[in-house]
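J.: Spelled out, the chains give:
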Amino acid sequence: MSLIVHRIGPACTIQDQGRAGYLDQGLSRSGAADVLALHEGALLLGQSPTCAALEMAGKGGEFEATAPIAIALTGAPMQASIDGSPVIWNASHQMAPGQRLTIGSVLQGNYGYLHLGGGIDSEVILGSRSAHLTARIGRAIQAGDHLPATGAGRSGLKLSPDERFAGGVLRVVASFQTALFDDDTLRRFTRTEFRRGVRTNRMGMQLNSDGEGFAAKGQLNILSEVITPGDIQMTGAGDPLILLPECQTTGGYPRIATVLPCDLPRAAQTPAGGHIRFKFVSLEQACALQSAHDADLARLPSRVEPLVRDPHDIPDLLSYQLISGMISATE
Amino acid sequence: MSHAIQFPLMRTVGFDGLLVTFADTMTEPSNRAALALRGAIEMQKLEGVVETSASLASTYVRFDPARLPHAEIEDRVHQVLSQRDWYTAPLPPGRRLWQVPTVYGTGLAPQLDDAAAAAGLSTEDAIERLSQTRVRVLTIGFAPGQPYLGPLGPEFDIPRLKELTPIVPEGALVLAISQFVLISGPTPTGWRHVGQTAFRCFRPEMEQSFALNPGDEMQFLPVSQEELEEIRSTCEDGTGGATCQEITA
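Chains H and Y are the protein sequences, given in the same order. Numbering that gives the first Met the number 0 puts the first residue of the first sequence at 0, with every later residue one more than the last. Numbering that gives the first Met the number 0 puts the first residue of the second sequence at 0, with every later residue one more than the last.
It is worth saying that the hints were derived from the structure and are not from the lab. Note that CB positions come from ideal geometry on N, CA and C, so glycine has one too. Each hint should be verified, as a subset may be incorrect.
[Unchecked claim] Facing chain Y, from chain H, some residues (calculated, C-beta under 8 Å):
(1) A19
(2) G20
(3) D23
(4) L26
(5) A134
(6) I136
(7) V172
(8) F175
(9) G229
(10) D230
(11) A285
(12) S290
Model the full assembly from the supplied sequences, consistent with the hints where possible.
T.: Here's what the structure looks like:
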């Protein structure tokens, strides 16, 4: 069983939670830019969050089912329809053989996800199905490809996720190079409103701001050192770059701070021009915030609802097609 | 050396990492220490450690703070750190020596003459010195499987180029700051392209995807362009005609 790809955006790749354990060989983790979306899709299909999905940056495509299959749509909301009838995002749907799923451009955020029942069953390379284009592992999905799936999975469920597609305040911790920046620079960094720049990919996302750039002492003489996703690297021009799952494993540009893992999906989903501010938290606060996030994730199943309800709910049901109607349950 | 006062230095890396740094420049003892400490921490098989690595002069440990709190991993690493003088620790076991056929200079590696001049040597002299030096894999990084190799003699402590070379191919041997990098995939670089091999450091399609381990040694033996062509057309295992032997000493 598979989904035939008839049309596809230029930056769609298969992603799971990535591969750990190859840092010592210069290979970064890769994996979904918005890991939360993997959990949501897995829940909507009743499968493991380790399943691989199609990550669609900015633009989706057109897909035809070859057999009955359950699908789910999560992450950045995109226009979607099956055989011309709109289907709602953050939900799982059933497709019959020959039916076509059309996914358009992103309405908010950057990365949308298409999940298949049983997970996309592509080749496992070094313990993961995640493409890592800069490492030449896997490749972008092209028209004519088939997305294989084992085909199990339930459908007819929906979820109302927390809003995470418009930037906002990202919580950061100090890292080992933070002290290379003086107090004035650090203060200015936390008071600056940044805008996501246009240069972004799965390696990193450029931020711009008004005013002068941010530089460390002795910036050009720093020994190359380990990089972790979420690091905020200062480029030679003094603009911050938030490093994402396909970042290099070592680098010489200094890192001013690191975004908490629980805030990384929101960082990655910030659209071009979206506003970002940074707030330092202590390591203790960071642990508490991350624990709270993990607990929220564990409670995610309680937020799943049936997609179809009684007829008198229909007006309400229609409202779920309006993206602006999404509600944050915790913030 | 001043490292007895300042180093080793233990610092956090983001939310879930710990870094032990042995020096603020690359030296043989600091690299040896970083490799050995990484090995010793791996041996502990600590519950909650996700992965470890060694860079030029540091050991990195990534862990899950929910299972292994920061204070606890710091204690455990302190304990290991206090076991010995890591700057004199033995190199990792199971090291190998790779001898790799290499075309120095010619159109395949056009910056050899420039590098020799920067080192104050004739081209012939540079080839002789570079090909006779056994270099160690100091760290693997930046790109998958890609080794930093050294040290070369002090005469090769030449700076990176100001202008990046737009692209060097896989298997390129590039040189700067008394180190080689053996390029694992087409990339721009500011290091001088002095040799060309058919050695593939990263072979994602093969069972053994990564050719090298930190601590391995390499030597780049001169061959002609014709010999390299012959190797390219006959050798399919990615080794580029290299020989490999265990280092027993």
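J.: With reference to the structure, classify each hint as holding or not holding.
T.: Outcome of the hint check:
1. A19: Since the shortest Cβ distance to chain Y is 5 Å, the answer is holds.
2. G20: It holds, given that the least Cβ distance between G20(H) and chain Y is near 5 Å, below 8 Å.
3. D23: This hint holds: D23(H) lies near chain Y, its Cβ roughly 4 Å from the closest one there, short of 8 Å.
4. L26: 4 Å, holds
5. A134: At 5 Å from the nearest chain Y Cβ, A134(H) passes the 8 Å test, so the hint holds.
6. I136: 5 Å, holds
7. V172: 6 Å, holds
8. F175: 4 Å, holds
9. G229: Nearest chain Y Cβ about 6 Å off; hint holds.
10. D230: With Cβ-Cβ at 6 Å, under 8 Å, it holds.
11. A285: 5 Å, holds
12. S290: Holds, about 6 Å.
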